[in-house]
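2 protein chains.
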Amino acid sequence: MVPTFEDVQAAAARIAPHAVRTPLVEAPALNALTGARVFLKLETLQRTGSFKFRGACNRLAMIPQDARSNGVVAFSSGNHAQGVAAAAKVFGMPAVIVMPSDAPRPKMEGTRAYGATIVEYDRLRDDREAIAAAICAERQAVLVKPFDDAGIIAGQGTAGLEIAEDVTRFGVTLDEVLAPCSGGGLVSGVALALKGAGVRANVRSVEPENFDGMKRSLEAGHRVKAPGGALSIADALMAPTPGAIVFELAKDLLAPGLAVSDDELKQAMAFAARELKLLAEPGGAAALAALLAGKTDARGKIVALILSGGNADFAVNLQ
Amino acid sequence: MVPTFEDVQAAAARIAPHAVRTPLVEAPALNALTGARVFLKLETLQRTGSFKFRGACNRLAMIPQDARSNGVVAFSSGNHAQGVAAAAKVFGMPAVIVMPSDAPRPKMEGTRAYGATIVEYDRLRDDREAIAAAICAERQAVLVKPFDDAGIIAGQGTAGLEIAEDVTRFGVTLDEVLAPCSGGGLVSGVALALKGAGVRANVRSVEPENFDGMKRSLEAGHRVKAPGGALSIADALMAPTPGAIVFELAKDLLAPGLAVSDDELKQAMAFAARELKLLAEPGGAAALAALLAGKTDARGKIVALILSGGNADFAVNLQ
Numbered sequence: 004m005v006p007t008f009e010d011v012q013a014a015a016a017r018i019a020p021h022a023v024r025t026p027l028v029e030a031p032a033l034n035a036l037t038g039a040r041v042f043l044k045l046e047t048l049q050r051t052g053s054f055k056f057r058g059a060c061n062r063l064a065m066i067p068q069d070a071r072s073n074g075v076v077a078f079s080s081g082n083h084a085q086g087v088a089a090a091a092k093v094f095g096m097p098a099v100i101v102m103p104s105d106a107p108r109p110k111m112e113g114t115r116a117y118g119a120t121i122v123e124y125d126r127l128r129d130d131r132e133a134i135a136a137a138i139c140a141e142r143q144a145v146l147v148k149p150f151d152d153a154g155i156i157a158g159q160g161t162a163g164l165e166i167a168e169d170v171t172r173f174g175v176t177l178d179e180v181l182a183p184c185s186g187g188g189l190v191s192g193v194a195l196a197l198k199g200a201g202v203r204a205n206v207r208s209v210e211p212e213n214f215d216g217m218k219r220s221l222e223a224g225h226r227v228k229a230p231g232g233a234l235s236i237a238d239a240l241m242a243p244t245p246g247a248i249v250f251e252l253a254k255d256l257l258a259p260g261l262a263v264s265d266d267e268l269k270q271a272m273a274f275a276a277r278e279l280k281l282l283a284e285p286g287g288a289a290a291l292a293a294l295l296a297g298k299t300d301a302r303g304k305i306v307a308l309i310l311s312g313g314n315a316d317f318a319v320n321l322q
Numbered sequence: 004m005v006p007t008f009e010d011v012q013a014a015a016a017r018i019a020p021h022a023v024r025t026p027l028v029e030a031p032a033l034n035a036l037t038g039a040r041v042f043l044k045l046e047t048l049q050r051t052g053s054f055k056f057r058g059a060c061n062r063l064a065m066i067p068q069d070a071r072s073n074g075v076v077a078f079s080s081g082n083h084a085q086g087v088a089a090a091a092k093v094f095g096m097p098a099v100i101v102m103p104s105d106a107p108r109p110k111m112e113g114t115r116a117y118g119a120t121i122v123e124y125d126r127l128r129d130d131r132e133a134i135a136a137a138i139c140a141e142r143q144a145v146l147v148k149p150f151d152d153a154g155i156i157a158g159q160g161t162a163g164l165e166i167a168e169d170v171t172r173f174g175v176t177l178d179e180v181l182a183p184c185s186g187g188g189l190v191s192g193v194a195l196a197l198k199g200a201g202v203r204a205n206v207r208s209v210e211p212e213n214f215d216g217m218k219r220s221l222e223a224g225h226r227v228k229a230p231g232g233a234l235s236i237a238d239a240l241m242a243p244t245p246g247a248i249v250f251e252l253a254k255d256l257l258a259p260g261l262a263v264s265d266d267e268l269k270q271a272m273a274f275a276a277r278e279l280k281l282l283a284e285p286g287g288a289a290a291l292a293a294l295l296a297g298k299t300d301a302r303g304k305i306v307a308l309i310l311s312g313g314n315a316d317f318a319v320n321l322q
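Chains as they are written, first to last, in this note's numbering: chain A, 4 to 322; chain B, 4 to 322.
Check each hint, because a few of them may be wrong.
Since the list gives no way to pick one copy over another, a pair counts as held whenever it fits inside one copy or between any two copies.
With a Cα cut of at most 20 Å, we get these calculated EDC-like pairs of lysine to aspartate or glutamate [stated by the list, open to error]:
1. Lys228 - Asp255
2. Lys198 - Glu168
3. Lys304 - Asp169
4. Lys298 - Asp125
5. Lys304 - Glu222
6. Lys198 - Asp255
7. Lys269 - Asp316
8. Lys92 - Glu278
9. Lys198 - Glu251
10. Lys269 - Glu9
The hints are simulated quantities; they were obtained by calculation from the structure and are not laboratory data. In this text the structure is predicted, and so the values were computed from the model without any measurement.
Bound conformation, chain A alone (with noise of 0.2 Å):
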């Protein structure tokens, strides 16, 4: 049920032929800001504009081919409604996404845009989980979540991979490692795959401010629920509690986790705009937010940031 090292070799396999390498870049605007040695992930550029076609990759192609023909089923804000959209569309598979009706429309347009059928739902009155199995039930059809299952924490690992390739083509070694958090797959499976291929780095989770299940969970030793509140700009992080099986894994793996205000995220968007020429979504941003707010002691550090989205509803302009 948890998965292993071998299972982010092997999602690496199946999704190789659908998905982007994506890059490690190094940032000398970051570096000249920080004092670190900083290198970005790009899964902004990956498919569907996010990581999340990693993970919904990975897991579509584990389902046995007689169990295709009836589809799939997510829920999802957004950005792991397109990855399994998209995963869906190369698989043949049908697939039907229960999404917010407040989702950013790109979102929904992306999702919609790879052929799947969206059922809306209202995000503080209904049940999308109790939605989802319903359609589940009526279809015959596989429920993909969107972080607490082997197959999708060993999708996302795969990032975890290249960046252990990549730094190793670099020559450099790695102290900090931070990646955006909503239920952790993300975080999870990188900190899997750098362990299992000999990365050492502090592996740290950055969540917004009272959506932190993650960092409270670390800081109490087992899963608790953040607080929630008022919504976070970043809809991709509002999920309050780690999953289970990706607690299993973060306990171990993770170095102690991050939290970052709305400001800050509006920020650090702004600065990968302006400085770095990248458009990152809220929550795609939240480890640069971390970074560039002092959340941790990068000085003299080589540090990796994911930049995990870049699906919000941007006017880009000249002036």
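Got chain A sorted already, so can you dock chain B onto it with the hints?
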């Protein structure tokens, strides 16, 4: 005087400690749209936000130690300015940059931030070459030309070496390489590097309509001047004639050139932001514009595009 493949290799060794090893990344959104396999060389992520740092860094590294204290002088609308200013900072040399007073604000601010002294001129009235020559004479400083110089061409060519390495790693064989072109330092250097590295692709210049001196010169078989006229939004691509040394290479190495309109440039910038999550300045998006506008028949081919710069005055807001 005309650089060789060995000069490009020497340049790569010189700039390696200072320049970003920029990524080549596949773009599924472009594959789906064009029926080609499209790879992007992200020079927007180069130090200073454009490829120009490569040539400047190589050229300055070639100045003998005992001639460095008098510094360097350059004229540029902005990207070469920042490249020279940043390279001068690396080598501890003073730099004076002659810039048009209507240069994009981020380019002027960036140049100043690297510690260069800026001398402004009027793009329509003043002779920037005469101004730069006078400053050089007064200071006994080295003039760093924007493109028509073997050291500059070899430096820009290092981007081509990296493309060749990366396509080998990906196991693909390029058919077409498209590069934005002003005086032609980048496209000729890249063509030289690719040929030397054994990549047999059509390498094409992409210029703004009416500033397509390279395209016209290749058609004529000798250097001719483009008509110019109304300024293009591609402020970085307004050289009317390819360089003389550049053309010695270009006439033998380049496939027929392409030209794009301002509207096509704007559409390419919008596509880059919306679909690729990448910011490109108007000139930096020229090769992408040519692909999107169907200026070359890409279907079924393997294409590399250089996104050459990202230094525009963007307003980026969440909607």
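Are any of the numbered hints broken by this structure? If so, which, sorted upward? 4, 5 and 10
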